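A.B. asks: Please dock the two separately framed chains into a single complex, following the hints provided.
Keeping their order, the protein sequence lines are chains A and B. The first sequence begins at 1 in the numbering used here and counts up by one. The second sequence begins at 1001 in the numbering used here and counts up by one.
If you are wondering where the hints come from, they were derived from the structure by calculation, not from laboratory data. All values reported here derive from a predicted model rather than from experimental measurement.
Here are the computed lysine-lysine pairs in the DSBU-like style, where the Cα-Cα straight-line distance is at most 30 Å: (1) A:K197 - B:K1002; (2) A:K197 - A:K229; (3) A:K193 - A:K229; (4) A:K193 - B:K1002; (5) B:K1002 - B:K1239; (6) A:K6 - A:K89; (7) B:K1002 - A:K229.
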Amino acid sequence: MTPGLKVLASGLCTTVQDLGRFGYQNIGVPVSGALDGFGLRLANALAGNPQETAALEILISGPTLEIAADTVRVALTGAGASLGIRGEKPRSVSAGQSLALRRGEVVQIVLGRQSACGYLAVEGGIAVPRVLGSASTYVRAAFGGLNGRALQRGDLVPLAAERASERSELRAPALASALPDQPVRVVLGPQHKYFRKESLAALLDTEFRVSRDADRMGMRLVGPPLHHKRGWDIVSDAIATGSIQVPGSGQPIVLLADHQTTGGYPKIATVISADLPALGRCRPGDPLRFAAVEVEMAEEISREAKREFANLAATLEPVPNENGLDIGSLYGENLISGVTAGFE
Amino acid sequence: MKVRFLSAGDRALVIEFGDRVDRGLSERVLRLDAIIRADPPAGIVETVPTFRSLTVYYDPLLTSRAELQQAIGSLLGHADNRRNAARLWHVPVCYEGEFAPDLAEVARLTKLTPGEVVVLHSGTRFHVYMLGFLPGFPYMGDLPAQLELPRRADPRLRVPAGSISIATSLTAIYPYESPGGWHLIGATPIRMFDPERPEPALFAPGDAVSFQPIDAAAFASIRQTVDDGGYLVESALVKR
Chain A
1 MTPGLKVLAS
11 GLCTTVQDLG
21 RFGYQNIGVP
31 VSGALDGFGL
41 RLANALAGNP
51 QETAALEILI
61 SGPTLEIAAD
71 TVRVALTGAG
81 ASLGIRGEKP
91 RSVSAGQSLA
101 LRRGEVVQIV
111 LGRQSACGYL
121 AVEGGIAVPR
131 VLGSASTYVR
141 AAFGGLNGRA
151 LQRGDLVPLA
161 AERASERSEL
171 RAPALASALP
181 DQPVRVVLGP
191 QHKYFRKESL
201 AALLDTEFRV
211 SRDADRMGMR
221 LVGPPLHHKR
231 GWDIVSDAIA
241 TGSIQVPGSG
251 QPIVLLADHQ
261 TTGGYPKIAT
271 VISADLPALG
281 RCRPGDPLRF
291 AAVEVEMAEE
301 ISREAKREFA
311 NLAATLEPVP
321 NENGLDIGSL
331 YGENLISGVT
341 AGFE
Chain B
1001 MKVRFLSAGD
1011 RALVIEFGDR
1021 VDRGLSERVL
1031 RLDAIIRADP
1041 PAGIVETVPT
1051 FRSLTVYYDP
1061 LLTSRAELQQ
1071 AIGSLLGHAD
1081 NRRNAARLWH
1091 VPVCYEGEFA
1101 PDLAEVARLT
1111 KLTPGEVVVL
1121 HSGTRFHVYM
1131 LGFLPGFPYM
1141 GDLPAQLELP
1151 RRADPRLRVP
1161 AGSISIATSL
1171 TAIYPYESPG
1181 GWHLIGATPI
1191 RMFDPERPEP
1201 ALFAPGDAVS
1211 FQPIDAAAFA
1221 SIRQTVDDGG
1231 YLVESALVKR
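Chain B on its own, in the form it takes in the complex (with noise of 0.2 Å):
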C-alpha cells in the first residue's frame, strides 16, 4: 500500500502506512518515528506511532502541512535506516483464580485447557505496536492463532489494574481501573505507568514482552516490593 499523507485538522499530519495489524508495516511506522525523532523537522510538536500510521503534531504558527508533507517525503527514502535498540521485558503474570475471571470462559471458546491457554500466552513473545487508550496502555501481539477471540460481548464497567487482557490478535494490560470489554485471563503486580519516574510508561512502542507465570504468593510479594518502591521489571537490550 501506498504511503498517504492525510490531514486531522490543522495541528496533525498523518502518515499511513496502512491499515491492517501487521508486523512490517509496525516496523515502518517505528522507523519513520525514530527517524523524526532524531532529527524533528521544525514546528513538530510530537509524535505518536499507532498500527497503521505516524501522526505527527505540529505548530501552524512555525509551520505548515504543506512543508512538513514536503520534509517527512523526503525522510521516506531512508527505509533502511534500524531504529534505535528495543527492550525485551519479563512481566510477571498469575494466571490463577481471582485474577484470571475469564479464563475458563477462554478455554471453553478456544477448546482448550485453562492451562494450555497459559502456556500459548507465556509462551509468546509479544511486540508493543502503540500505546493509547489510557497512559502506559500497551497494544501488543500477536496473539497464537488458537487465542484469537473477538471482544467480550458485554464490556465490564471495572477492569482492575494490572489486569492482562486478550481480544483479537492483540493483548494488553490495563495500567489503572477503567471499563473494557477484553478477556481477563490473569493479572501483574508490576506498575506500568507513574508519571513520576524518569521513563512515565514501563513500554515503549517497538518493545518485546514475554509473560512468566507466577502464583498468589509470588503475586502478594512482588506487589509488596512494588508498594515499597523496590521493584525492578526484569529487561534486557535486544537489537533491532
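Chain A extracted, bound-state conformation (with noise of 0.2 Å):
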C-alpha cells in the first residue's frame, strides 16, 4: 500500500508547495511555491531533506492528518504552530522540531496567531508528480500537487518514504514570527514615477494594513489611497512577486506566489525578495510599514539571508528524549544496536 497521510480534515487551504515553478512566465504560468520561502526551507531542513523539497502549505487553520504509513518524520514550522497528536500516547508537540509519528496516530495541526502560514515537511518528500518542474499546486489552472488543488477530507495525501529513518531529532533555536520588528523593505518602481509625491511619502510613511481580502494571489491593503499622476490604466508590462500594483481605487495589492504573470496597473514598489516570507505570514488585520532601500543594498541584503539560512541550518539541535538520552548519538556510537527510536 502507498505509504500516506490520510485526510481527514482539510483546513482552510492546504496545498502542496515547493520553492516554485520557473522558466514558464513568458506562457502566463505565475512562479507559485510557498507563500513563505523561508518556513518551507527550515521544516525541509529538520525533517533532513534538501531545502527545495515540496512539502504542505498551510493556511490560517491547519488540516487533521492520519499516518497511513509505518512511520513518517515530519516537521512543522509556523510561530505559535502545534502538532495535536491522538493515538496510543497523545501528546501536543510545538512547531519548529522534527518528531516521528506511527501508523494510526491522528495529527492535528493548529497554527498560532503570529503567522498566517506553515509547512509540514515530511522525510523523503511528498511522492506527487512534478508539472513543468515543479509540484507546487496551482489551483487556478488545476495542475500541480495533489490533483491542482488544495486537500479535501478523504485524501491520501502519498509519501516517498514507508518509514523514518533511524537519526534523533532537531529543533530550531526560535521561529520568525508574521509580525517583522522591521519595516518591510521595498525598491521602489517600476512606475514608481506614475504617482504623485505626496502619494510616494504615503507609502513609505504610513501604517497600512492587511485587509480580509487576501489569498496566495496577493494581499490588498489598507490605508491612505495612493494618488496616480496621470492615469491608473497603463499597457500591460510583467508583475514580479512582490510588486505592489495600485488600481484606481489606490489601495494597494502587494502580489504573491500565485499572482498573474503580467498586469495592467501602475506598480509604485517591488518588496525586497529577502523579505517576502515575512509578508507571507502576515495576517489579515496585521500592521505593515514600508521602507525603501536601493536595488544594490537589497541584492545585498538577499545574499546575506543565503548566508543566514545556511547558519541556522548548520545550527539545528537535537531534541533530547525524554529520558535526556540523544538517541542519534547513541546510534552514532554503536552503543545500542536494533533499537528504533521509541516507536517499536
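C.D. replies: Dropping the structure here:
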C-alpha cells in the first residue's frame, strides 16, 4: 500500500508547495511555491530533506491527518503552531522540531496567531508528479500538487518513504513570527514615477493594514489612498512577486506567489525578496510599514539572507529524548543496535 | 523613446522600450528576448516579453542589476538581428448562437451587422504580442479600427474556456474559465494550454494567428477529436 497521510479534515487551504515553478512565466504560468519560503526551507532542514523539497503549506487553519505508513518523520514550522497527536500516546508538540509518528496516529495541526502560514515537511518528501518542473499546486489552472487543488477530506497524500530513518530529532532555536519588528523593505518602481510625490511619501510614512481580501495571489492593503499622477490603466507589463500594484481605487495590492504574470496597473514599489517570507506570514488585520532601499542594497540583503539560513541550518540542535538521552548519538556510537527511536 | 532600465525588486530588471501597444515596439522586445535566450548572460532565471518591455528575472546570488544592465545594454546594439521564425496558426472559431453571447451587442455598438463583425475579425491576421493573465492566454492585435471598443462596464464572473474575445485594439482567447471583462464574440474547441504537452502553450509571443469560421456541428466534431487527443491545429512556419 502507498505510504501516505490520510486527510481527515482539510483545513482552510492546505496545498503542496515547493520553492516554485520557474521558466514558464513567458507563457503565463505563475511561479507559485511557498508564500513563506523561509518556513518551507526550515521545515525541510528539520525533516532532513533538501531545502527545495515539496511540503504541505497550511493557511490560517490546519488539517487533521492520519498516519498511513509504518513511521513518518515530520517537521512543522510556523510561529505559535503545534501538532496535537491522538493515539496510544496522546501529546502536543510545538512547531520548530522534527518528530516521528507511527501508523494510526492522528495529527491535528493548529496554527498560532503569529503566522498566517505553516509548513509540514515529511522526511523523504511528498510523492506527487512534478508539472513543468515543480510540485507546487496552482489551483487556478488546476495543475501541480495533489490533483491541482487544495487537500480535501478523504485524500491520501502519497509519501516517498515507507518509514522514518533512524536518527535523532532536530529542533530550531526560534521561529520567525509574522510581524516583522522592522518595516518591510521595498525597491521603488518600476512605475513609481506614475504617482504623486505625496503618495510616494505616504507609502513610506504611513502604517497600512492587511485587509481580509488576501490569498495566495495577493493581499489588498488598507491605508491612505495612493494617487496616480496620470491614469491608472497602463499598457501591461510583467509583474514580479512582491510588486505593489495600485488600481484606480488607490488601495495597494501586494502580489504574492500565485499572482498573474502580467498586469495593467502601475506598480509603485516591489518588496525585496528577503522580506517576502515575512509578508507571506502576515494575517488579515496585521499592520505593515514600508521602507525604501536601493536595489544594490536589496541584492546584498538577499545574499546575506542566504548565508544566514545556511548558518541556521547548520546549527539545528538534537532534541533530547524523554530520558534525556540523545538516541541519535547512541546510534552513532553503536552502543545500542536494533532499536528504533522510541516507536517500536 | 529611449530604452530604459527599471528595477522590479532585487530579482527582476525591466528593459522598457515604450508605453504603447505597437508592432514596432513589440518587434524590438521580441528581438531582444530572442537574443538573450540564444545566449543568456550568467544568472538569468527567465525572461518575459510584454507589449512595452522585456522583464529579465535573475538570481542576485549569481549576478546583479549592474552586471546585467551592462551585459544587456551591449546586446541592444544588435538591433538588426532577426528573430526566429514564428508560426501562423489557423484557429477554428464558431461565431454563432450561444458561442457568441456579445456578438449582437458588439454589432450594435460598432454600427455593423454581426456578419460584418465576423468578416472583419476572421479576415485579420493577428500578431501575438504576449502571453499573460492565465497560462496560455494570448494578447493579440491589432483589431480593425471599426471593432475597437472599451471593455464591458460589467465584467462577467465566469467566461467559459475557449471564448474568443475583443476589447480595445486587441483580441484574446480564454484558455480556462475565469472572470473577464472583454466582449465574447465566438468560441474555439481547441485547447490553448496543456501542461502535459512538450510545448504547453499553443502560441508563443511573436506568432501570427488567423481565425476560421466554423458552424456548431464542426465545433462539436473538433471538440470530440480534441478530447480524444487527436486534433492538430493547422499551422505553418513563417519567416519574420
